[in-house]
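Participant: Below, each chain spelled out in residue letters.
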Amino acid sequence: MSGTYDVVITGGGMSGMMAAIALADMGRRVAVVSKGDPVCCLSTGCIDVLAAGNNPLGGIGSLPDNHPYHLAGEDLVRISLEMFKAVMSEEGMAYAGDMHANRRILTPLGRHKITCLVPGTMKFANFHPDEYIHVISFNKMKDFYPNYITSNYKNAGCSIFDAGVSTTMSIAQRFENRRFLEGFISWLKGLDIPEGRIAIPAVIGMHSAADVCNEISVELGRKVFEIPTLPPSIPGLRLFGGLKNALLKRGVDLYWGKEIYSVEKSGNQIEAVTLAGDGRPTRVQGNAFILATGSFVSGGLHASMDTVRETVFNLPVYLPGRRESWFNNDFFAPGHAIENAGICVDKSFRPVDARVENLFVCGSILAFSEVMKYGCGHGMAIATGVAAANACGEPV
Amino acid sequence: MIKTDVIIIGGGSTGCGIARDLALRNIPHCLVEKGDFAAGATGACHGLLHSGGRYAVNDSEAAAECISENMILRKIGVKCVEQTGGLFVRLPGDSKRFRDMFLKGCEETGIPTEVLSPSRALDLVPNLNQSLEEAIKVPDCSIDPFRLCMLNITSSQKRGGKIMTHNRVIDIIRERGRCVGVKVQDKSTSEVTEIRGRIIINAAGAWGNKIASMAGSGVPMTLSKGSLIITNHRLTNMVINRLRPSSDGDIIVPNEAVCLAGTTSITVNDPDESEVDPAEVDVIATQAQEMLPDFGSTRLIRTYAGVRPLLKANGGDDRKISRGFRIIDHENGMFSIMGGKLTTYRLMAEKISDKVVEAFGLKTKCRTAEIPLEGQEELSGYPLSKRLKTLENIVCECELVTADDVEKVATEIGTRHIGDIQHRTRLGMGPCQGGFCTYRALGIMQETGKMAPEESMRVLREFLQRRFKGIKPALWGDQLREEQLVESIYLGILGMEQEQ
Ligand SMILES: Cc1cc2nc3c(=O)[nH]c(=O)nc-3n(C[C@H](O)[C@H](O)[C@H](O)COP(=O)(O)OP(=O)(O)OC[C@H]3O[C@@H](n4cnc5c(N)ncnc54)[C@H](O)[C@@H]3O)c2cc1C
Ligand SMILES: Cc1cc2nc3c(=O)[nH]c(=O)nc-3n(C[C@H](O)[C@H](O)[C@H](O)COP(=O)(O)OP(=O)(O)OC[C@H]3O[C@@H](n4cnc5c(N)ncnc54)[C@H](O)[C@@H]3O)c2cc1C
Numbered sequence: 001m002s003g004t005y006d007v008v009i010t011g012g013g014m015s016g017m018m019a020a021i022a023l024a025d026m027g028r029r030v031a032v033v034s035k036g037d038p039v040c041c042l043s044t045g046c047i048d049v050l051a052a053g054n055n056p057l058g059g060i061g062s063l064p065d066n067h068p069y070h071l072a073g074e075d076l077v078r079i080s081l082e083m084f085k086a087v088m089s090e091e092g093m094a095y096a097g098d099m100h101a102n103r104r105i106l107t108p109l110g111r112h113k114i115t116c117l118v119p120g121t122m123k124f125a126n127f128h129p130d131e132y133i134h135v136i137s138f139n140k141m142k143d144f145y146p147n148y149i150t151s152n153y154k155n156a157g158c159s160i161f162d163a164g165v166s167t168t169m170s171i172a173q174r175f176e177n178r179r180f181l182e183g184f185i186s187w188l189k190g191l192d193i194p195e196g197r198i199a200i201p202a203v204i205g206m207h208s209a210a211d212v213c214n215e216i217s218v219e220l221g222r223k224v225f226e227i228p229t230l231p232p233s234i235p236g237l238r239l240f241g242g243l244k245n246a247l248l249k250r251g252v253d254l255y256w257g258k259e260i261y262s263v264e265k266s267g268n269q270i271e272a273v274t275l276a277g278d279g280r281p282t283r284v285q286g287n288a289f290i291l292a293t294g295s296f297v298s299g300g301l302h303a304s305m306d307t308v309r310e311t312v313f314n315l316p317v318y319l320p321g322r323r324e325s326w327f328n329n330d331f332f333a334p335g336h337a338i339e340n341a342g343i344c345v346d347k348s349f350r351p352v353d354a355r356v357e358n359l360f361v362c363g364s365i366l367a368f369s370e371v372m373k374y375g376c377g378h379g380m381a382i383a384t385g386v387a388a389a390n391a392c393g394e395p396v
Numbered sequence: 001m002i003k004t005d006v007i008i009i010g011g012g013s014t015g016c017g018i019a020r021d022l023a024l025r026n027i028p029h030c031l032v033e034k035g036d037f038a039a040g041a042t043g044a045c046h047g048l049l050h051s052g053g054r055y056a057v058n059d060s061e062a063a064a065e066c067i068s069e070n071m072i073l074r075k076i077g078v079k080c081v082e083q084t085g086g087l088f089v090r091l092p093g094d095s096k097r098f099r100d101m102f103l104k105g106c107e108e109t110g111i112p113t114e115v116l117s118p119s120r121a122l123d124l125v126p127n128l129n130q131s132l133e134e135a136i137k138v139p140d141c142s143i144d145p146f147r148l149c150m151l152n153i154t155s156s157q158k159r160g161g162k163i164m165t166h167n168r169v170i171d172i173i174r175e176r177g178r179c180v181g182v183k184v185q186d187k188s189t190s191e192v193t194e195i196r197g198r199i200i201i202n203a204a205g206a207w208g209n210k211i212a213s214m215a216g217s218g219v220p221m222t223l224s225k226g227s228l229i230i231t232n233h234r235l236t237n238m239v240i241n242r243l244r245p246s247s248d249g250d251i252i253v254p255n256e257a258v259c260l261a262g263t264t265s266i267t268v269n270d271p272d273e274s275e276v277d278p279a280e281v282d283v284i285a286t287q288a289q290e291m292l293p294d295f296g297s298t299r300l301i302r303t304y305a306g307v308r309p310l311l312k313a314n315g316g317d318d319r320k321i322s323r324g325f326r327i328i329d330h331e332n333g334m335f336s337i338m339g340g341k342l343t344t345y346r347l348m349a350e351k352i353s354d355k356v357v358e359a360f361g362l363k364t365k366c367r368t369a370e371i372p373l374e375g376q377e378e379l380s381g382y383p384l385s386k387r388l389k390t391l392e393n394i395v396c397e398c399e400l401v402t403a404d405d406v407e408k409v410a411t412e413i414g415t416r417h418i419g420d421i422q423h424r425t426r427l428g429m430g431p432c433q434g435g436f437c438t439y440r441a442l443g444i445m446q447e448t449g450k451m452a453p454e455e456s457m458r459v460l461r462e463f464l465q466r467r468f469k470g471i472k473p474a475l476w477g478d479q480l481r482e483e484q485l486v487e488s489i490y491l492g493i494l495g496m497e498q499e500q
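Residue numbers (my numbering), protein chains in the order written: chain U, 1 to 396; chain Y, 1 to 500.
Derived by calculation from the structure, the hints in this document are not laboratory data.
Incorrect hints may appear among the rest.
[What the hints assert, rightly or not] No more than 25 Å apart at the CA atoms, straight line, and that leaves these computed lysine to any residue pairs for SDA-like: (1) U/Lys142 to Y/Gln465; (2) U/Lys140 to Y/Thr411; (3) Y/Lys450 to U/Ile160; (4) U/Lys142 to Y/Thr165; (5) U/Lys140 to U/Asp98; (6) Y/Lys469 to U/Leu319; (7) U/Lys142 to Y/Pro431; (8) Y/Lys469 to U/Ile160; (9) U/Lys140 to Y/Val459; (10) Y/Lys183 to Y/Thr165; (11) Y/Lys96 to Y/Gln287; (12) U/Lys142 to U/Ile160; (13) U/Lys140 to Y/Arg461; (14) Y/Lys469 to U/Glu324; (15) Y/Lys469 to U/Lys140.
[Stated by the list, open to error] Now the in silico label distances, taken between C-beta atoms and shown as ranges: (16) Y/Thr189 to U/Ser62: 44 to 54 Å; (17) U/Leu191 to Y/Ala279: 51 to 61 Å; (18) Y/Gly296 to U/Asp130: 50 to 60 Å; (19) Y/Glu275 to U/Lys373: 20 to 30 Å; (20) U/Thr282 to Y/Ser95: 26 to 36 Å; (21) Y/Lys183 to U/Gly335: 37 to 47 Å; (22) Y/Gly296 to U/Leu248: 35 to 45 Å; (23) Y/Pro112 to U/Ser166: 52 to 62 Å; (24) U/Asn214 to Y/Ala279: 50 to 60 Å; (25) U/Pro194 to Y/Ala279: 23 to 33 Å; (26) Y/Gly218 to U/Ser62: 53 to 63 Å.
[Claimed, not checked] Quick look at which bits of chain Y chain U covers, simulated, 3 or more residues with Cβ under 8 Å: (27) 6-20; (28) 278-291; (29) 352-358; (30) 460-470.
Just so it is clear, CB atoms sit at the ideal spot from N, CA and C, and this is done for glycine as well.
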């Protein structure tokens with residue numbers, strides 16, 4: 001891992017990883033530098049494209065002019081999502097869903113989440129409210145209280161299996177064991193579950209979840225689907241694992257668990273970043289750089305009492321007014337003004353007013369993305385990641 | 001219908017103190033409180049057991065009361081008072097003349113002081129502003145208001161006192177011009193109960209005028225909102241005051257694992273007006289940072305505000321109003337007790353109980369200053385250390401509260417209110433401010449049949465809304481980061497934005 005990379009990507013979230021895949025597929029030499037695991041590990045694993053409205057892809061056109069989706073454009077959004085689906089299929093985790101229609105998936109509170117592309121294990125989560133649902137829970141499972149679901153659906157039942165462990169991680173690991181799975185299936189068969197669908201919290205295996213889900217389905221003769229849980233979220237970890245594997249297969253170098261502590265610049269060009277970690281500092285040199293360090297949650301942006309800073313390159317940050325105006329009063333009304341904070345870029349994803357030529361920005365750190373308001377988290381990250389890769393992969 | 005001798009309205013420090021005083025004099029009583037104990041100013045206060053120093057220059061009566069009560073409370077309440085000591089620090093530019101008046105006032109009111117050079121002060125509190133001119137040490141303490149109320153109530157309950165929390169007084173029953181009872185309504189069941197008594201004590205703090213007006217009277221008072229902010233660290237082990245005339249943000253009080261900094265003083269019309277303005281937060285944080293520079297880089301986990309029930313002044317600055325208290329005999333069977341401080345709650349209770357005894361033609365003497373607060377044996381000095389032993393099945397990671405703790409409290413007090421659990425276990429008091437653990441605690445209560453799922457969803461919504469109100473004014477840095485996570489979980493994963 002040395003020499004000069006064609007592109008160095010800072011931030012290994014959905015946007016950074018998709019940018020890396022796109023660039024590697026163009027034959028570029030790519031490195032990804034990431035301080036820690038990205039937000040997608042905490043997510044449901046579902047790809048929200050545009051949850052506000054019925055037609056995710058078709059709705060992009062009606063977003064405000066400054067929304068980052070417009071930088072990619074509807075065509076490229078579609079192409080990048082196809083690309084994502086292809087990568088995940090390669091990794092044995094095919095996604096389902098229609099880019100022109102949102103779907104509803106059941107949540108642990110018996111409410112629903114609106115999303116677009118879902119992992120195969122959730123493709124049957126879109127059920128009719130009259131249909132019978134049988135919820136399976138696990139003894140003492142953390143943060144999962146099936147009564148919330150059964151009390152919200154008149155036509156629902158629940159059974160509890162003792163997996164011998166109680167965290168999502170440890171239960172999921174058990175499902176990777178053949179004998180455990182067989183024991184579980186024969187227990188299910190003994191329950192005499194009425195005609196309908198079976199809903200299980202998303203812990204039925206790590207990488208083999210899709211097969212496990214199929215097997216239960218076939219053995220029971222019922223449609224089976226997973227309910228995403230609070231973090232640690234297994235479908236989120238599966239998604240991350242799949243993408244990371246895709247990077248490694250493509251020969252992308254990963255510098256993980258390392259934070260950037262200095263940036264070398266010469267004129268309008270960034271030349272290298274230096275990483276702090278265990279032992280000697282590492283210098284990573286590149287011809288171009290992509291900033292994909294995420295929003296506040298991941299630390300790409302950091303707010304102080306009255307300003308917001310971009311933490312790696314100290315780029316100018318768009319700020320939606322003074323702190324009094326950053327938040328709504330209502331916790332449940334998604335879309336606080338602060339969600340607009342971020343980096344403004346031009347059509348080629350270069351930061352405006354920053355006087356750097358070989359830096360491109362993508363993902364939730366972009367200004368005006370309003371991820372919660374529009375429900376466009378992973379979708380926007382995927383689309384802008386691929387679009388920024390295209391922009392920077394073009395010969396300058 | 002319930003019959004008793006004395007009806008106490010309000011379960012703040014004053015009401016709880018009165019219940020204990022009457023209990024120790026064997027006078028039957030019933031206390032009604034619309035929320036949990038300490039739901040008003042008491043639970044929203046700064047937690048400073050004043051030495052009196054803050055009032056030494058302008059309000060010698062209040063100062064003298066504070067120091068004598070301070071000395072009593074540290075003796076009778078070892079488990080709710082932490083003897084931190086306090087410093088009044090003088091920074092460059094602060095008036096030397098005020099410092100001289102301060103020392104003189106302390107001497108006249110009997111507040112012991114010790115003048116410390118900068119280096120001696122820095123020995124005691126190493127992260128003080130290094131350029132301080134000097135510091136004056138006084139016997140300030142940190143006090144846990146909620147515990148204080150609970151312990152006072154213990155004495156009452158042991159002697160048959162009737163305590164009704166989550167019951168709001170909705171009317172005062174009058175017969176031939178005299179107040180003979182109250183009607184109270186249960187918050188969860190909406191059931192109305194009538195309570196009859198010979199004397200009614202209005203200890204409703206800032207709501208006192210509302211209560212008095214139900215009986216056709218009034219009490220003159222000024223309502224002064226004060227805001228506070230909580231840090232996620234205990235930045236100092238001593239109380240830090242600014243040595244200058246009272247103003248915004250001049251006191252920092254250590255409290256268990258955190259610090260409380262404040263306050264402000266804004267006249268309001270309604271006792272329920274307790275919104276914190278981001279501008280208040282800025283002022284407090286800036287001022288606190290002058291005394292303790294570390295404050296600037298510390299994570300603020302929540303803001304809150306309370307409304308002080310002050311005696312009525314004729315215009316001018318709320319801060320100049322005496323912090324003394326007054327008893328009003330409405331001469332219709334009702335007494336109101338107004339003003340005062342948490343620090344002087346025992347004295348206030350003593351004085352009004354003396355009135356009751358006199359009205360009943362009795363001669364029993366007050367004993368609250370000699371007998372230690374009962375129930376302290378069961379409390380550990382630091383709840384955290386005790387809990388470290390039973391780390392299984394943690395519900396609240398910040399404060400190490402276990403599922404068993406939640407179940408135990410829910411069973412013991414048969415509560416349906418999440419606030420009751422939070423007060424008694426410290427659940428949700430840490431950096432995440434209940435963002436995760438409240439969901440869990442409610443899940444447990446719902447699974448163990450203590451709450452219906454629909455009810456627990458409603459409580460969760462209410463809690464999240466209230467929590468956000470407290471966090472919002474000081475939302476930046478790591479706290480903002482955590483908030484984005486909490487928001488994504490409740491809205492993005494659980495789908496809670498949809499109304500039921
Ligand atoms: C709890 C939660 C649940 C969510 N659920 C969903 C969901 O179900 N569906 C959906 O579509 N969206 C969801 N979202 C939104 C979605 O996850 C994000 O919008 C999207 O994944 C952001 O991707 P990103 O690439 O912009 O950044 P991130 O995923 O935030 O990645 C940024 C990366 O940069 C690294 N980094 C930061 N600073 C530095 C530095 N100085 N040096 C090196 N590396 C650094 C970080 O460690 C991190 O790995 C959820 C968000 C949250 C918080
Ligand atoms: C911001 C702030 C900081 C402070 N800091 C300190 C400090 O550090 N040290 C100090 O000594 N003092 C401090 N004080 C002052 C102190 O908090 C108050 O003087 C004291 O707590 C008042 O207690 P109380 O019981 O009289 O009133 P409260 O605590 O307000 O109690 C009144 C109670 O009556 C209840 N009630 C109201 N209406 C009804 C009804 N209709 N039916 C039933 N119940 C009803 C309310 O719910 C409430 O619990 C502070 C005050 C504020 C606002």
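Participant: Determine for every hint whether it applies to the structure shown.
Facilitator: Results of checking the hints against the structure:
For the suggested pair U/Lys142 and Y/Gln465, the alpha carbons sit about 24 Å apart, so the restraint of at most 25 Å is met. In summary, the hint linking U/Lys140 to Y/Thr411 is supported, as the alpha carbons are separated by about 19 Å, within the 25 Å threshold. Simply put, Y/Lys450 and U/Ile160 have alpha-carbon atoms about 20 Å apart, close enough for the 25 Å limit, and the pair holds. Between U/Lys142 and Y/Thr165, the direct Cα distance comes to roughly 32 Å. Violation of the 25 Å bound is thereby established for this hinted pair.
This hinted pair does not check out: U/Lys140 and U/Asp98 have alpha carbons roughly 36 Å apart, beyond 25 Å. Simply put, Y/Lys469 and U/Leu319 have alpha-carbon atoms about 22 Å apart, close enough for the 25 Å limit, and the pair holds. Distance restraint check for U/Lys142 and Y/Pro431: the Cα-Cα separation of roughly 20 Å lies within the 25 Å cut-off, and the hinted pair is therefore satisfied. For the suggested pair Y/Lys469 and U/Ile160, the alpha carbons sit about 38 Å apart, so the restraint of at most 25 Å is broken.
Of the supplied pair hints, the one linking U/Lys140 and Y/Val459 holds, its CA atoms being roughly 22 Å apart against a limit of 25 Å. Straight-line distance between C-alpha atoms of Y/Lys183 and Y/Thr165 comes to about 14 Å, which keeps the hinted pair within the 25 Å bound. Note on Y/Lys96 and Y/Gln287: the hinted pairing holds, with a Cα-Cα distance of about 19 Å set against a maximum of 25 Å. Straight-line distance between C-alpha atoms of U/Lys142 and U/Ile160 comes to about 13 Å, which keeps the hinted pair within the 25 Å bound.
For the hint linking U/Lys140 to Y/Arg461, the alpha-carbon distance of about 24 Å falls within 25 Å, and the restraint holds. Note on Y/Lys469 and U/Glu324: the hinted pairing holds, with a Cα-Cα distance of about 13 Å set against a maximum of 25 Å. With a CA separation close to 32 Å, the supplied pair Y/Lys469 and U/Lys140 exceeds the 25 Å bound. Taking 44 to 54 Å as the suggested C-beta distance range, the pair Y/Thr189 and U/Ser62 conforms, at roughly 49 Å.
Distance hint for U/Leu191 and Y/Ala279: a CB-CB separation of about 60 Å, consistent with the stated range 51 to 61 Å. A hinted range of 50 to 60 Å for the beta carbons of Y/Gly296 and U/Asp130 is consistent with their spacing of about 58 Å. Between Y/Glu275 and U/Lys373 the beta carbons are some 24 Å apart, a value that agrees with the proposed interval 20 to 30 Å. Taking 26 to 36 Å as the suggested C-beta distance range, the pair U/Thr282 and Y/Ser95 does not conform, at roughly 56 Å.
Between Y/Lys183 and U/Gly335 the CB atoms are about 44 Å apart, so this pair conforms to the stated range of 37 to 47 Å. Checked against the hint of 35 to 45 Å, the C-beta distance between Y/Gly296 and U/Leu248 comes to roughly 43 Å, which is consistent with it. Between Y/Pro112 and U/Ser166 the beta carbon distance is about 55 Å. The supplied range of 52 to 62 Å therefore holds. As the Cβ distance of U/Asn214 to Y/Ala279 is approximately 58 Å, the hint placing it in 50 to 60 Å holds.
Hint check: U/Pro194 to Y/Ala279, Cβ distance near 59 Å, so the stated range 23 to 33 Å is violated. The supplied range of 53 to 63 Å is met by Y/Gly218 and U/Ser62, whose beta-carbon atoms lie about 58 Å from each other. Coverage of the stretch 6-20 of chain Y by chain U is violated in this model, with 0 residues showing a Cβ closer than 8 Å to a Cβ of that chain against a need of three. Beta-carbon proximity to chain U at under 8 Å applies to 4 residues in the stretch 278-291 of chain Y; the threshold of 3 is reached and the given coverage holds.
Coverage of the stretch 352-358 of chain Y by chain U is violated [criterion: at least 3 residues with CB-CB distance below 8 Å; count 0]. Residues of the stretch 460-470 of chain Y lying with their CB closer than 8 Å to a CB of chain U number 6, which satisfies the three-residue condition for coverage.
Consistency with the previously given hints fails for numbers 4, 5, 8, 15, 20, 25, 27, 29, ordered from lowest to highest.
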